[in-house]
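Q: So the chains spell out like this:
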Amino acid sequence: MNGSCSERERLLKDISIIDFTLVELNEYLDTHPFDAQAMEYFNHYARIKNQMMLDFSSRYYPLTTDTSMDKKEWNWTLAPMPWENAADPYPLACETPPMQPRNNTGKGGYR
Amino acid sequence: MQDHHFDENLERFPIAMAYVPWQHLSCIYDNLEEGFQKGTIFPELDKPFTGRRVVS
Amino acid sequence: MWSYERRLQFPVNIKNPNAKLAQAIMSQYGGPDGEMGASMRYLSQRYATPYREVAGVLTDIGTEELAHLEMVAAIVHQLTRNLSMEEIEKCGFAPYYTDHTVGIWPQAAGGIPFNACEFQSKGDVITDLFEDMAAEQKARTTYDNILRLIDDPDVCEPIKFLRQREVVHFQRFGEALRITQDRLNEKNFYAFNPGFDTVADCGCNN
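Protein chains in written order, with the working numbering: chain A, 76 to 186; chain B, 251 to 306; chain C, 1484 to 1689.
Treat the hints with caution; some may be incorrect.
Each computed EDC-like pair below joins lysine to aspartate or glutamate, with the alpha-carbon atoms no more than 16 Å apart [claimed, not checked]:
#1 K88/A - E283/B
#2 K288/B - D1627/C
#3 K1503/C - E1569/C
Because the hints were derived from the structure by calculation, they are not lab data. Treat the numbers as computed from the prediction; the structure is a model and nothing was measured.
Please work from the sequences and hints to get the whole structure.
A: See below:
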């Protein structure tokens, strides 16, 4: 389980690295729209990123709604949120037993 | 159509205005992960903070 | 329009909660030089620009700032999610906690709620671009100040990334200004507002 989790994190980081390169080139091209070298870099990395997005979606979950693959479940909602700490993930409501009311006071307590 | 090509002959810059020098693409980091960690793929835009405050 | 990618632009994995740091970093969410102000500023200004390249820069950088907003929220969330009541009280976090528990709410470090007074959209492309370059420098200085407070590398790395982005954005807005200047008469850049006026008067008031 841990092995596949860190492999997933590695692929996500690689996607982030390529996408960041595209963001930088995008913003550079906004002010240099006819820079052929920048355009070549952009086209090259855009192709790589598209492939990585499809790869990630088929192995784990979709990163955008339009890279959702033929699955039986709507993985888009069930997938982790980006701000979740890997070590401390949110539970899924559909997998969590209902919380029972307790007779004692809340965490802070009265003094 | 042609890209903007700004030559930086400073005498041509009238006063009462501010100007930022034009970036010409020279290279990007070979190691994209290094650029990602730093926050830019352009080595010439990498300007890290190294300030320290020491009150004696 | 906007679509969403289910990941942070730069990873945030913080192991140690810290209420004091959270209060300082919160300012970059909803504070005067923060990411919410930055994205709203650029996305609002783009309608009045006369040149497509400038509108493009404002759109793309404004969109990136939304991703930064998300990162700052993730940092504050991970710094506060597992705080004990003792830590909340000891670190002066009780006032924010009273109104928001450990939820995320846009405000400055001093408590002023996010509002549109934190940015300007003047409807004049030269003025707006100077506002944007100043905004990037103010954000950079805020991150410099935050970096002096941090010794946790988990927090340092995303903050350093966000700070460097401000430097790059400053360069892009500066280039957008050069493009604009190139379209105007260098004898008098201020003769008219290129996004509003259709002709420049000769100045005779007869």
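Q: Each hint: holds or not?
A: Hints versus structure:
1. K88/A - E283/B: holds (9 Å)
2. K288/B - D1627/C: holds (15 Å)
3. K1503/C - E1569/C: holds (13 Å)
No hint from the list above goes unmet by this structure.
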